[in-house]
Amino acid sequence: MELEEICEALGLEKEEFVEFARLFLDVAFKDLASMEDALAKGDMRSLAEGAHSIKGAASTLDMEEIFILARSLELKAKRGGDEGIYEELQALREELIRLQNAIGEDDCGKRLRSELPKRELSGEKRDEKRSCRGQ
Amino acid sequence: MREGKKLEHLEIARPFGDEPGEALGSDTSSRAPDSGGRDIEPHMELVKALLGSIDLETALVDPTLGVIWANSLHASRKGERSSALYLCELLECTPKGSGKDSPCSLCPLSRAIREALEEGTRLKRFEAPWPPVGVPYKEMRFSIRPIPYEKNGKALITVSWQDITREKISELRLQEANRELEDANKQLASALEKANLLAFQAQAANIAKSAFLARMSHEIRTPLNAVIGYCELLMEGKVGEEERTHLKAIYTSAQALLSLIDDILDFSRIEAGEMRLDSVPFDPRALVKETCEMVRPRIHDKPIRLSFKVDHKVPKILVGDPGRTRQVLLNLLSNACKFTNQGHIKLRVMLKSAEEERARVIFRVSDSGIGIPPKRLEEIFEPFRQLDDSLRRAHGGTGLGLAICRQLAHLMDGKVWAKSKVGKGSTFFFEARYGIRSGEPEAFHDASHAHGPSRATADGVPSKDVERGLEILLVEDNHLNGRLASLMLERAGHRVIWAQDGWEALRVATERREQLDLILMDVEMPGMDGLEVTRRIRALGLNGIPIVAMTAHAMKEDRERCLSAGMNDYLSKPIRKDLLLEKVDRWSRKGGM
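In the order they appear, the protein sequences are chains C and B. Its first residue numbered 534, the first sequence is counted upward by one per residue in the working numbering. Its first residue numbered 1398, the second sequence is counted upward by one per residue in the working numbering.
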């Protein structure tokens, strides 16, 4: 969705949406750290819980790339295996950092932007995005 | 994690069979450099300089652990030993011979060097209890690296080592502390869960008691109403004087029983914290006038003058519960009528204090009745305590009236008390806190058993609640989703109580059962999920509150699971404002089940 569309869908002003995006990042980075810790300990249950939390919030804010990664991590963790999880955690971290930069939340200061830059997904992920919209 | 990051690109070394010792890593990215016959001797000065600059204790050895050069020797001894020196001695371990089965052949250091040379690893790290012969008393970390030189035809290896005993002890202590902390956390979580369960059970027991009382009240009222009704019918017909007297006795007793049921139910509900007061604007002058008119017939033919006065400072409109206020006044006035044979009964209303939006009002009922002994002035407010048996027989009463007055006054942030002189009369005081508001009061109506703001009527007409906003319990464990949904609902004028887990939801649902209009229940929550919470809410008999599921799964079987758990409807996630408010509005009009 465009920024205006998601703001309207949530009943938020743009500035409020950015604040919620910051809140999302605060919580998501903490969840991500827990998930990395859980992976090191082999605790797939905690990893799945962290992924579920990120997935739910990302879905609400229409952050589809993050949603897709979080959902994949949740499914893999629930299946019990850890194949590919490390790489996906890295990818998730990159997406969160990208979002952080996009909303101007960096170490040097704060800048507000009116648009979130789009990124072209690879073909596989684009199809996955289409197939699970709204979940 | 620093170690982990460094080891990312390294292959983890095989553990050494049954030997103690923790492999840290080895580099097999390429084979160890072949010495190719290069003698170290021309380069010894450089080697010494390099090894001498390393902070750790380091030695250059051959495959038999014979020391070519060691930086600790260099620092502490002049020159090189003339006799052969083995690394074991520097490491404070006594060599126990050579050969395949000797203890030294099982030494982790020897084996590591052997394997490094055989496998061609560039770098091998490991930790091991030390010494390997005898009783180990410390922990050592080793790094070994074959180098592309030889001496006297023998391959050369650099070995660095470090005593990490203290580090290991700290690590073990930390692990132990973490384990203890984890155990303590588990115990705490378990205790918390037990406490929650006990609180839940206590609440469930309380509710079960109230539900029992309510059911019993209905079961008893129905036949009593029949008795009263038939008495009235018979008394309207042709009956003899004696029969009429008997009928009146039956009628009076039935009325008294009904009154008792009402009082017991009120008392029980207030005690259980289940009574909620209305908060509506009303005219205190009109209320007082109507109450006095209701009481007047109870004076019968006694020469008593009943009057009332409301001070001019009392606000024209008060905000509070007129029904319960009337209940207290009726009780005080009825008692005055009972225990006064002649003279006066006066009701006066005074303003004690007023702030911006609040006022404290005192109602004073004074009579010229028989009076109350001073030592009984507190007792009369206790349940089932009346002056004495003869008065009870003469005047009836349940013994709960003043106890209920005290409870109601307490609910209104006030109190009741009395002063009296035997043979002269009594004065009862009732103080309560009310809101102040300008504008027209709503028409007062009989609300002697008001249950708080009513939900929408069954015919779908929006209730006052929709205009005022609903009280909604939002059950959502996700922080962002909970905040966002709360914001959406509050902006639409609703009051939101946000519970972040199943236990909190159960607690709120039981405590606010009379006030809640709707529950929005996230289905996928860790621990107790939304379906289980719903089952438990319904098991408590809370069937009047609609529950709407919020779920990301909208397949048919998911919906059916929600409905079988006792939910009324579902809302798909992700949350969207229009759909959320539309669903809330739909269930506010249905008014429950």
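No lab work stands behind these hints, which were simulated from the structure alone. Positions of the beta carbon are idealized from the N, C-alpha and C atoms, including for glycine. Be aware that a few hints might be false.
[As the list claims (entries may be wrong)] Chain B stretches covered by chain C per the calculated footprint, using a threshold of three residues with CB under 8 Å from any CB of chain C:
1. 1894-1903
2. 1970-1983
[Stated by the list, open to error] Listed below are the simulated DSS-like cross-link pairs for lysine-lysine, each with C-alpha atoms no more than 30 Å apart in a straight line:
3. B/1686 with B/1591
4. B/1635 with B/1743
5. B/1591 with C/574
6. B/1812 with C/547
Right, here's what the structure says about each hint:
| no. | hint | in the structure |
| --- | --- | --- |
| 1 | 1894-1903 | violated (count 0) |
| 2 | 1970-1983 | holds (count 6) |
| 3 | B/1686 with B/1591 | violated, 54 Å |
| 4 | B/1635 with B/1743 | violated, 41 Å |
| 5 | B/1591 with C/574 | holds, 28 Å |
| 6 | B/1812 with C/547 | violated, 52 Å |
The structure does not agree with the numbered hints 1, 3, 4, 6 stated previously, though it agrees with the rest.
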